[in-house]
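Colleague: All chains should be modelled from the sequences, with the hints used to inform the complete structure.
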Amino acid sequence: MEDPVVTLVKFLVTKRLAGNSSTLMVVKEYFVDGISPSSISYKYKISKFRVRGYIQRVTEKTRNSYLASLIIKQVFPAILEIEPAVIKVNERYVCLLCDRFFDNEVTIENHLRRKHEEHINKTVKYVLESIKESSVSK
Numbered sequence: 384m385e386d387p388v389v390t391l392v393k394f395l396v397t398k399r400l401a402g403n404s405s406t407l408m409v410v411k412e413y414f415v416d417g418i419s420p421s422s423i424s425y426k427y428k429i430s431k432f433r434v435r436g437y438i439q440r441v442t443e444k445t446r447n448s449y450l451a452s453l454i455i456k457q458v459f460p461a462i463l464e465i466e467p468a469v470i471k472v473n474e475r476y477v478c479l480l481c482d483r484f485f486d487n488e489v490t491i492e493n494h495l496r497r498k499h500e501e502h503i504n505k506t507v508k509y510v511l512e513s514i515k516e517s518s519v520s521k
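For the sequence shown, the numbering used here begins at 384 and goes up steadily by one.
No lab work stands behind these hints: they were computed from the structure. It should be emphasised that the depicted structure is a prediction, and the values quoted were computed from it without experimental measurement. Incorrect hints may appear among the rest.
[Unchecked claim] Keeping only pairs whose Cα atoms sit at most 30 Å apart, straight-line, the calculated DSBU-like set for lysine-lysine is:
no.: 1; residue 1: Lys471; residue 2: Lys428
no.: 2; residue 1: Lys426; residue 2: Lys456
no.: 3; residue 1: Lys471; residue 2: Lys498
no.: 4; residue 1: Lys411; residue 2: Lys505
no.: 5; residue 1: Lys456; residue 2: Lys428
no.: 6; residue 1: Lys471; residue 2: Lys431
no.: 7; residue 1: Lys515; residue 2: Lys505
no.: 8; residue 1: Lys431; residue 2: Lys411
no.: 9; residue 1: Lys498; residue 2: Lys426
no.: 10; residue 1: Lys508; residue 2: Lys471
no.: 11; residue 1: Lys508; residue 2: Lys456
no.: 12; residue 1: Lys456; residue 2: Lys411
no.: 13; residue 1: Lys456; residue 2: Lys471
no.: 14; residue 1: Lys498; residue 2: Lys515
no.: 15; residue 1: Lys508; residue 2: Lys428
no.: 16; residue 1: Lys411; residue 2: Lys426
no.: 17; residue 1: Lys515; residue 2: Lys411
no.: 18; residue 1: Lys456; residue 2: Lys431
no.: 19; residue 1: Lys471; residue 2: Lys426
[Stated by the list, open to error] Here are the simulated distance ranges between beta carbons:
no.: 20; residue 1: Asn493; residue 2: Arg433; range: 12 to 20 Å
no.: 21; residue 1: Lys426; residue 2: Lys515; range: 31 to 39 Å
no.: 22; residue 1: Pro467; residue 2: Lys515; range: 35 to 43 Å
no.: 23; residue 1: Lys471; residue 2: Arg433; range: 13 to 21 Å
no.: 24; residue 1: Cys481; residue 2: Ile418; range: 34 to 42 Å
no.: 25; residue 1: Val472; residue 2: Glu516; range: 34 to 42 Å
no.: 26; residue 1: Gly417; residue 2: Lys505; range: 26 to 34 Å
Cβ atoms here follow ideal geometry from the backbone N, Cα and C, with glycine treated the same way.
Modeller: Shown next as C-alpha cells:
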C-alpha cells in the first residue's frame with residue numbers, strides 16, 4: 384500500500400498538471416479553511432455532491448481527514464507553483480508535453496496518468512523535496 388502523503392500529493396499534482404485548479408481550491412478551502420461544502424459549491428458554481436466527491440476521494444487517499452488537512456496545508460503552495468501541462472484552446476484541451484488534443488478534463492487526466500507518468504512522478508518528487516527543505520529550514 385502506497386504512503387498516504389505520496390498518494391495525496393500525486394492526486395493534487397495530477398489535478399494541477401491537468402489545469403484543474405478549481406478542484407485544488409475546493410479541496411484546500413474545505414480541508415484547510417474549514418468552509419462548508421454548500422458554501423464552496425455556491426462559490427465555484429458546482430454541485431455540492433461534486434464537492435463532497437472530491438472530499439471523499441481525498442479522505443480515502445489519506446484514510447484520515449485530519450491527516451489530509453495537514454498534508455494539504457504543507458503542500459498547497461508548492462502545488463500552485465507547478466506549471467500546468469495542459470491548456471484549453473477553443474473548448475478543447477492540448478497536452479503541452481506531446482501536443483495531443485482532448486475533448487474533456489477526464490480524458491486529459493487519464494492521458495497524463497498513462498502517457499506521462501514519469502513527469503507526474505518527477506513533479507511529485509519535486510514537491511515532496513521542496514516540503515522537506517522548507518520544514519528543515521524552519
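Colleague: Can you confirm whether the C-alpha distance between Lys471 and Lys431 stays at or below 30 Å?
Modeller: Holds, because 25 Å separates the two Cα atoms, which is no more than 30 Å.
Colleague: Lys515 and Lys505 were given as a pair; does the straight-line alpha-carbon distance stay at or below 30 Å?
Modeller: Holds: Lys515 and Lys505 sit about 15 Å apart, inside 30 Å.
Colleague: For Lys508 and Lys456, compute the direct alpha-carbon distance and say whether it is at most 30 Å.
Modeller: With a Cα-Cα distance of about 17 Å, the restraint between Lys508 and Lys456 holds, given a limit of 30 Å.
Colleague: With a cut-off of 30 Å on the C-alpha distance, tell me whether Lys498 and Lys515 pass.
Modeller: holds, 28 Å
Colleague: Is the hinted pair Lys426 and Lys456 satisfied, with a Cα-Cα distance of at most 30 Å?
Modeller: Status holds; Cα separation ~21 Å.
Colleague: Check the hint pairing Lys411 with Lys505 against an upper bound of 30 Å on the C-alpha distance.
Modeller: Distance ~23 Å between Lys411 and Lys505 Cα, so the pair holds.
Colleague: Is it true that the CA of Lys456 sits at most 30 Å from the CA of Lys411?
Modeller: With Cα atoms ~8 Å apart, Lys456 and Lys411 stay inside 30 Å; holds.
Colleague: Between Lys471 and Arg433, is the Cβ distance one that fits in 13 to 21 Å?
Modeller: holds, 19 Å
Colleague: Is the hinted range of 26 to 34 Å satisfied by the C-beta distance from Gly417 to Lys505?
Modeller: holds, 33 Å
Colleague: Please test the hint of 34 to 42 Å on the beta carbon pair from Val472 and Glu516.
Modeller: Holds: the Cβ-Cβ distance is about 36 Å, inside 34 to 42 Å.
Colleague: CB of Asn493 to CB of Arg433, is that within 12 to 20 Å?
Modeller: The hint (12 to 20 Å, Cβ to Cβ) holds, given that Asn493 and Arg433 are roughly 18 Å apart.
Colleague: Given the hint that Lys471 pairs with Lys428, does the C-alpha gap stay at or below 30 Å?
Modeller: holds, 19 Å
Checked against the numbered hints above, the structure violates hints 9, 15 and 22; every other hint is satisfied.
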